[in-house]
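**Student:** One-letter residues, chain by chain:
Number of protein chains: 4
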Amino acid sequence: MNKNKIINDPVYGFISIKTPLIFDVIEHPYFQRLRYIKQLGMTHLVYPGALHTRFHHALGAMHLMQLAVEHLQSKGHLITNDECEAACIAILLHDIGHGPFSHALEHSIVKGISHEDIGKLIISKINDDFNNRLSLALQIFNNNYYKKFLYQLISGQLDLDRLDYLNRDSFFSGVTEGMVSSDRIIKLLNIKNGNLVVEEKGIYSIEKFLIARRLMYWQVYLHKTVIAAEQMLVKILERARELANNGTELFATPTFKHFLYNTVSITHFINEIQHINNFVKLDDSDIMASIKVWCNHTDFILSTLCNNLINRQLYKVEISTGIPDFEKTESLKQKISEKLNINYKDSSYFIFTDIINNVAYNTRQGNINVLMKNGDLQDITIASDYSNLEALAKSVTKNILCYTKV
Amino acid sequence: MNKNKIINDPVYGFISIKTPLIFDVIEHPYFQRLRYIKQLGMTHLVYPGALHTRFHHALGAMHLMQLAVEHLQSKGHLITNDECEAACIAILLHDIGHGPFSHALEHSIVKGISHEDIGKLIISKINDDFNNRLSLALQIFNNNYYKKFLYQLISGQLDLDRLDYLNRDSFFSGVTEGMVSSDRIIKLLNIKNGNLVVEEKGIYSIEKFLIARRLMYWQVYLHKTVIAAEQMLVKILERARELANNGTELFATPTFKHFLYNTVSITHFINEIQHINNFVKLDDSDIMASIKVWCNHTDFILSTLCNNLINRQLYKVEISTGIPDFEKTESLKQKISEKLNINYKDSSYFIFTDIINNVAYNTRQGNINVLMKNGDLQDITIASDYSNLEALAKSVTKNILCYTKV
Amino acid sequence: MNKNKIINDPVYGFISIKTPLIFDVIEHPYFQRLRYIKQLGMTHLVYPGALHTRFHHALGAMHLMQLAVEHLQSKGHLITNDECEAACIAILLHDIGHGPFSHALEHSIVKGISHEDIGKLIISKINDDFNNRLSLALQIFNNNYYKKFLYQLISGQLDLDRLDYLNRDSFFSGVTEGMVSSDRIIKLLNIKNGNLVVEEKGIYSIEKFLIARRLMYWQVYLHKTVIAAEQMLVKILERARELANNGTELFATPTFKHFLYNTVSITHFINEIQHINNFVKLDDSDIMASIKVWCNHTDFILSTLCNNLINRQLYKVEISTGIPDFEKTESLKQKISEKLNINYKDSSYFIFTDIINNVAYNTRQGNINVLMKNGDLQDITIASDYSNLEALAKSVTKNILCYTKV
Amino acid sequence: MNKNKIINDPVYGFISIKTPLIFDVIEHPYFQRLRYIKQLGMTHLVYPGALHTRFHHALGAMHLMQLAVEHLQSKGHLITNDECEAACIAILLHDIGHGPFSHALEHSIVKGISHEDIGKLIISKINDDFNNRLSLALQIFNNNYYKKFLYQLISGQLDLDRLDYLNRDSFFSGVTEGMVSSDRIIKLLNIKNGNLVVEEKGIYSIEKFLIARRLMYWQVYLHKTVIAAEQMLVKILERARELANNGTELFATPTFKHFLYNTVSITHFINEIQHINNFVKLDDSDIMASIKVWCNHTDFILSTLCNNLINRQLYKVEISTGIPDFEKTESLKQKISEKLNINYKDSSYFIFTDIINNVAYNTRQGNINVLMKNGDLQDITIASDYSNLEALAKSVTKNILCYTKV
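Chains as they are written, first to last, in my numbering: chain A, 1 to 406; chain B, 1 to 406; chain C, 1 to 406; chain D, 1 to 406.
Bear in mind the hints are in silico, worked out from the structure with no lab data behind them. On a predicted model such as this, the values are computed, not experimentally measured, just so you know. Treat the hints with care, since some could be wrong.
Pairs count within a copy or across copies, as identical chains cannot be separated in the list.
Claimed, not checked - Quick list of in silico lysine to aspartate or glutamate cross-link-like pairs, EDC-like style, CA-CA up to 20 Å:
(1) Lys5 - Glu70
(2) Lys192 - Glu330
(3) Lys224 - Glu338
(4) Lys75 - Asp346
(5) Lys18 - Glu200
(6) Lys75 - Asp376
(7) Lys345 - Asp183
(8) Lys201 - Asp379
(9) Lys257 - Asp299
(10) Lys5 - Glu199
(11) Lys398 - Glu200
(12) Lys148 - Glu70
(13) Lys3 - Glu327
(14) Lys18 - Glu70
(15) Lys224 - Glu199
(16) Lys345 - Asp9
(17) Lys316 - Glu200
(18) Lys111 - Asp24
(19) Lys328 - Glu199
(20) Lys5 - Glu242
(21) Lys373 - Glu318
(22) Lys120 - Glu199
(23) Lys192 - Glu249
(24) Lys316 - Glu27
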C-alpha cells in the first residue's frame, strides 16, 4: 500500500505525508476522531466558514513542522530523519485530547482534567498500539528530549501550532486580517545554544504576528456572539448533568450518557480504562444530535436552552472593563425569573457573569528571543524599537454579562 | 433590531443581507437547519477542508444574485427592488429540500421524492409563515414569472447556483483548478428577448467554466474514495432500514427513527404533515451519531459497515468504461461471502456495481446562448471556434465496481 | 464611443470607470504619463515585482473611493453623484505632480518644489483643458469644500491613498505581510459632524493597519538596498547637474536636458510655462536611457556611479540609531579617495551619511477618530485598550551611512 | 559574500537561489539587462499591471525547475546536484536573447535572427566569462544531454517556461482565469524511458492547462488593443529605419542608433562583435525615450505614429476569420491618404492587414505523453475521454485589419 500521500489543503496548497509511520498514526481511529471535532466550537454561527476541524489543524501544523525542519537543516543544523519524523508525530498529536467542540466544552464533559492531560493518556495508548515506536515523539512532546528547540516548535510563544491555527482560523472564518506569513516566519527561525530564536530582520514580522493574534482574539475567539453560543452550550451541559444526577431520563448516545450520568474525577479517568474508551468515541455529533432531541424535553430549562441554541436565539452579551453593575444585573435576573416563571436560583441558566482575558504575548509561556546581528539574544519586547511592544504582554481582562432577551 | 448584516465569507470577502425580509428568511429554523448539512456529503474524507454547508452555499449564491442584478441594471435592464429581493430569496431557498449529506443520501432517507420536490413543500410552508410575502420569490423559483432571465439565473446551464458551488467546492476542497471567475462571468451576462445570454467576448470564459466543471466532476464529485464513502453510507442506511423493517431495535434520534421505521411514499410525504415536520429537524449529526452507536450493533453486517466507515476502511472502487467482468465479480463475491461468513445475497452489501455519469454541458437543461457582436444569438458550441466544444455535451458514463478488501 | 470601461486589476479584480468625465481625465496625456512612472522608484532592484506605476495606484485609489462613497451612502449619508465623481477625480489626480521615480528623485530634478505643488499646477492646467469642469474636484482636493470628509478620504491618517498604496506595494513586492483589508476598513468608516470616523468595532483593524504600515516602511520603503539604489540615483543626478553647470556635454532627451542645464526655482516653475511643459513629458525612461549612455562618459565619477547602478553594484548601507562614528567615516573616506583616485570633496559621491525616519501614526496629519458605541469620539490611541499604541505616534529616526565597497 | 538569497515573488511567495554559480549568473550584466525588458511588450496599455519583466519570468521558471527536480528525485529518479544546477541555469538563460519589448519588436530591431539564435550567442559569451562552467547547462539547453527530460522541462508542450509565463502573465495582468496550478502539474510529472510524461490522473489538469493557455492567447496575447499598440511600435520602428536609411537625423541612444542606422544581417551579427555588444545594452527605455522625442520630429508620419502611441490613440483592429474585404480596405486607405494628406504608399503606416494565429497544443513541439496506470504511454488527445481534445491541436488563424481612425 502506498503510504506517501499528498493531501489538498486550501491553506497551504498541498500537505505531504512523508513516512509510513506518520501515515499509520493518521489512520489510527483516535486520530481520525479529530475529523469530527470542530476547531472553533460554535464559531460557525458567526463565521459560517469556520467548520474546520482539529484533524485539519493537526495536519497543517505537521506541514509547517516539515518546512521548519527543512529550513533549519538548510541553515546547517543537524536534525536527523528520525527526529524530523518524531517532531511531526508529536505535533500531529498535540491536540488529540480535545473533546467535542474543543475549548467550548473543555471543562463541561470531563471536569477537572485538561485536554493536555487527556492527550497524554491517549498518546500513551497509541504508543502501546505502535509497540513504543512513538517514544521519541513522546520525549519531544513532553520536553524530555535534549534538543529543546524541537519542543519549542510545538509549544512556545511562536510555535507552529499557533502559526497554523492563526492562519487556518483566519482562512476559514474569512477574517483575512488574522493571516500571518507562516512561510516568512519560518524562514526567520534559527537555533542558538539549542534554543529556537528569531533573526533580527524578523522583528517586524513578529510584531505583526502578535498583533494578528490579538486581533483574532477580539474579532473571532472572543466575539460576542461566539461567547453567547458557547456559553449556551456550557449551560445546556450543566443543566443536562443536573437532571441526570437527579435521575431524570435523557436521550443521548451511550458514550455521551457515560459522561452525563457519571461524574468522572481525574483519578477515575486515569485509573479506569472505561472512561478513556468512551472519550475516544465522543465527538461533536453526539452532542448536537442529543441537543436537538432535548428541544422537546419536559424540563423547561433544558428545552428552552436547546431550542434557543438550535434556533440561534442566543444570549445578549455585554463586555465591559469594570464589573457589571450589581443592581442592573439583579433587576434583569428578577425580570427573567418572572417572565420565564422560574425560581431565582435557576435564573442563573439565563443570566450570569463571567470573565474573559487575553494576553498577546505571555511571558509565562517562554520568550520570543531575537538573535541580533552581533550574535546577542534579546527578548522581542526589547529588540523592537517599537518600544512599547511590552504592552502586549499585559493581560487584558474583561467582564461579560450574558442574558436571555425576554 | 438591525437586520442589515454583513457576513464574512472566505470565498467572496463579504456577503451583505440587504433587506429585512431576506434577513428573516435566513433566520427561519428551516433555513438555519442547512448549517448542519454538508454541501459535499462525505467528500471531507478525501479533502479535509470540504466541510462547508448548504447554508453557506445558499448565502454565496444569493451574493452572486445581488451582483448579477446590479450588473444587469447597469446595462440598462429594469429590475425592481422587489424583483431583486424575490430573486435573492428564491436562490437562497433553492436547496432547502436537501436532507442529511445532501446528494449522498438523497434517495436513502426518503425514497422516490427528490430534494427539489421536498424543497417546494418546505418553501410553501415558509411562505405560509411569512403570510405569502414570498409569493413573488415562489413565482420566480417555479419559472412562472414573466421575466424568464430571473429563473435562468437560478437554474440553467450557467446559473449562479453552479457558479457558487464550483467556486465554493474548489475553495474548500483546495482543488483550486476548479475555481471560476464568477466576477468576470457575471460581468459578461446580458439579457436578449427576455432571456439570459452571454456576450461574445465571454466565449473563452465559458469554455473555461465548462472545463472547470468537468474537472471538478472527475477530481472531486466522482473521486473514487468519495464514491466509496458515500456508497458505504447508502449501504448502511439500506441495511438499517432492512433491520428496522424486521422489527430489530436500532438506536437513533426520534426524527431519524421516523424515517427508518416508516416507509414514506411521496403521497404520504405530501399529505401527512408529520413527515415534513420530522424531515426539517434532520441533519448530518442524526446520521453520524447513530452510525457511531451501530458500530456495536449485534447485526454483523450493520456493525461491520459502520466500523468501516468510521475507521475509514472504505470500499475499493474500480472505474471502467465497459461493464465489469462478470466472472471476476462473481469470484470476488464468492471470496467475500466466505471470508465474512455471510450468504450470497448479503454479500451485495460488500460488493456491487453501479453507474456514474457526467455531462459538462447538458443541453436538456437549456442552452448557453451567446450574444454575438452583430446582435445574433448562437449556442456556445457553435459560437466557439474551438469547434468541438460540443464534445462536452456528450454524456460520459462509467461503470464502477465497489468491494470490501478482505 | 463607450466610456464605461472595466479595467482588470490584480489587486481588486476589476476597476470600473463610471462616468465619461472620469474616462476623459484618465485619457488626458498628463495622466497617461503616470503609466511610465514607477510607484516605488528603484525598489524593483530588491523586489523584482515592484514595477507598478503611479497610474495603476491612482486607479486603485479611485476604485476605493467609489467603494467608500457607496458605503457611506448606504449608511444614510447624502453624497451626490457630482460629489462622487469629483472625489474620484480628485483622488485620481492626487499624485499627478510626481516626476520620474516618484519620491526617489523628488528633489533632484526640480529643486525646492514638492510633488504636491507641481501637482496643483498640473491639475489647474487640466482643469483649463476641461473648461473648469474639474472645479468641484479641485475644491475637494484643496480642502475648500464644506464636506470635509471627502478631503479626508483623499488625505489624512486613514485615507484611501494609503489603503491603496499599502495594498498595492505589498501585492507587487510580494511582501504579503503589508496587505490590509481595505474592504473591511472601508466598511468601518462613518461620518460624524461632517468628519470621517472609524466605528469602535474597527479598533483592531486600525491597529493592524498602523502596524502593517510600519512594517512596510522598514521592510520595503526603507530597505537597505532600496536606500542604496535610490541614493545612487540621487548622486548621479547631482553629478550630472554639476557637470552641466560647468558646461560639460551630456547625452539626454531634450526634456531631461531642460532640467539638467537650467536651475529652475519655484518662482520660475510657476511663472514660466516652458518648465511645466517639459515636466509633463518626463518619465522614468528619460532618466534610465540617459544613465545607460553615461556609463561611457569621460567623467570618472559620473560613469562609475552609472555603471554601479546598472550593474547593481550598490552602496553598502549601515543603519544605526546613533550618529555614525566620525573616525570610521573619515577613514573610509580616505580609503575611498585613494582607491578611486579622487579628491576628498568628490569622495562625497561615494561615501556620505543621511537621516531616515518614519512615524506610523503622525498626529500632525490629523487624527484617526473612533466613534464609540455611546456616540463619543476618541482618538485611536485612547480608544484602543492596547494602551501604548501611542508609541506608534513617536517618530523613529535613524542614521544611515552609505559607501561604495572598494 | 552570502550568495544564498531568497527573493520575494508575488506569484510563488519566495524564490531561492541555491548555489553560488546560479547567483553569479543572475548578477551578470547580460542577465540584469532583462530587468528592463517587459515580458509582455505594450500589453500594459490594456492590463496596467502587466509590467513584469523577462528577469522575473526567468527567476520564476528557475523556481519551478527546482520544484520539478525535487519532485522527480522523490519519485526515485536520479538527478545529481550538478544536473540540477545546470538545468536551473539553462532555464534562467532561455530568454536571454530577447530584445526590447520582447516579441513585439522581435524582428524590428534585428531582422532575420530570432531571439533564440541571439540567445545562443549571448549564452556562449557568458560561458566564456565563466570559464566554461556553464557547459553542462549549454548541453541541456541545446538538447545535447542524454537525459532528455531535462531539456523537455525547459522546452516542450508542457515545460516550466510555459507554466511560469501562464501563471505570471495571468497574475500581473489580473486575468486570473489564465492561472494554472503549477504545483499540481509538477506533482503529476514523471519520467518514462528517459522522457517526461504526465501521470494518468493528471489528464484533467492538462486539459485545463491547454484551455487556460488558449484563453490567455485570445484574452491577453492577441487582445485587439495589444495588437494595436504593438503594431504601432513596429510601424514606428519601420518608419524610423526608413528615415535613417535616407540619412535623416534621428534622436536615439547610441546603442539604439547602431541598429537604426545599420542593417545588420544574421551573418554580420554572428561574426562582428560590435553588434552583440550593442545589443546587450539595449532595453525598453532606449526605445521609449526615443519615441517620446520623435513626437516632435519633422517627419509627419513618424511624429504622428509616435504621438498616437504615447497618447494611446491606437489603431482600430478588426479580427476576422476570412480575408478583410478588399474594397472596404482600399476605400479606407483612400480616405486615410486624403485626410492625412499622404501618398498611397505611405498610407500603409496607417492601414494594413496581417495574420495572427494560435495553436493550443502544437504537435510539432512534441507531444504530451500520458503514463497510463497500466504503464502504457498515450498522447493526451487520446488519453482524454474528452474525445475531441485534438481540436486544440488545430491551428486557429485569423486575419486582422488595423487602421488609424481619421
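**Student:** It remains to establish, for every hint, whether it holds in the given structure.
**Tutor:** Results for each hint:
In this homomeric assembly, Lys5 and Glu70 come within 20 Å of each other (Cα to Cα) both inside a single copy, at 19 Å, and across copies, at 16 Å. In the homo-oligomer, the alpha carbons of Lys192 and Glu330 never lie at most 20 Å apart, since the shortest distance is 57 Å inside one protomer and 36 Å across protomers. Taking identical chains as interchangeable, the C-alpha atoms of Lys224 and Glu338 are never at most 20 Å apart, the minima being 26 Å within one chain and 58 Å between chains. In this homomeric assembly, Lys75 and Asp346 never come within 20 Å of each other (Cα to Cα): the closest approach is 61 Å inside a single copy and 42 Å across copies.
Taking the closest pair of Cα atoms, Lys18 and Glu200 never come within 20 Å of each other, the shortest separation being 32 Å inside a single copy and 22 Å across copies. Taking the closest pair of Cα atoms, Lys75 and Asp376 come within 20 Å of each other only inside a single copy of the chain (18 Å); across copies the shortest separation is 43 Å, beyond that limit. Within a single copy, Lys345 and Asp183 get their C-alpha atoms no closer than 52 Å, and across copies no closer than 47 Å, so neither meets the 20 Å cut-off. Within a single copy, Lys201 and Asp379 get their C-alpha atoms as close as 14 Å, which meets the 20 Å cut-off; across copies the closest is 31 Å, which misses it.
In this assembly of identical chains, the alpha carbons of Lys257 and Asp299 lie at most 20 Å apart only when taken from the same copy (17 Å versus 22 Å across copies). Taking the shortest Cα distances, Lys5 and Glu199 sit within 20 Å of each other only across copies (15 Å), while inside one copy they are farther apart (33 Å). Proximity of Lys398 to Glu200 under the C-alpha cut-off of 20 Å is restricted to the inter-copy arrangement: shortest distance 16 Å between copies versus 34 Å within a copy. When the C-alpha separation of Lys148 and Glu70 is checked against a cutoff of 20 Å, the pair qualifies only within one copy, where the shortest distance is 17 Å, while the shortest distance between copies is 30 Å.
In this assembly of identical chains, Lys3 and Glu327 lie within 20 Å of each other by CA distance neither inside one copy nor across copies; the values are 64 Å within and 31 Å between. When the C-alpha separation of Lys18 and Glu70 is checked against a cutoff of 20 Å, the pair qualifies both within a copy, at 13 Å, and between copies, at 14 Å. In the homo-oligomer, the alpha carbons of Lys224 and Glu199 lie at most 20 Å apart only across protomers (16 Å), although the nearest pairing inside one protomer, at 37 Å, exceeds that limit. For a Cα distance limit of 20 Å, the shortest separation of Lys345 from Asp9 qualifies neither inside one copy, at 48 Å, nor across copies, at 41 Å.
In this assembly of identical chains, the alpha carbons of Lys316 and Glu200 lie at most 20 Å apart only when taken from different copies (18 Å versus 45 Å within one copy). In this assembly of identical chains, Lys111 and Asp24 lie within 20 Å of each other by CA distance neither inside one copy nor across copies; the values are 31 Å within and 39 Å between. For the homomeric pair Lys328 and Glu199, neither the shortest alpha-carbon distance inside one copy (52 Å) nor that between copies (27 Å) is at most 20 Å. Taking CA atoms no more than 20 Å apart as the test, Lys5 paired with Glu242 passes in neither setting, with 47 Å inside one copy and 37 Å between copies.
For the identical chains of this complex, Lys373 and Glu318 are inter-copy neighbours only, at 12 Å across copies versus 47 Å inside a copy, given an alpha-carbon limit of 20 Å. In this homomeric assembly, Lys120 and Glu199 never come within 20 Å of each other (Cα to Cα): the closest approach is 33 Å inside a single copy and 42 Å across copies. Taking the closest pair of Cα atoms, Lys192 and Glu249 never come within 20 Å of each other, the shortest separation being 60 Å inside a single copy and 57 Å across copies. Taking the closest pair of Cα atoms, Lys316 and Glu27 come within 20 Å of each other only across two copies (16 Å); inside a single copy the shortest separation is 42 Å, beyond that limit.
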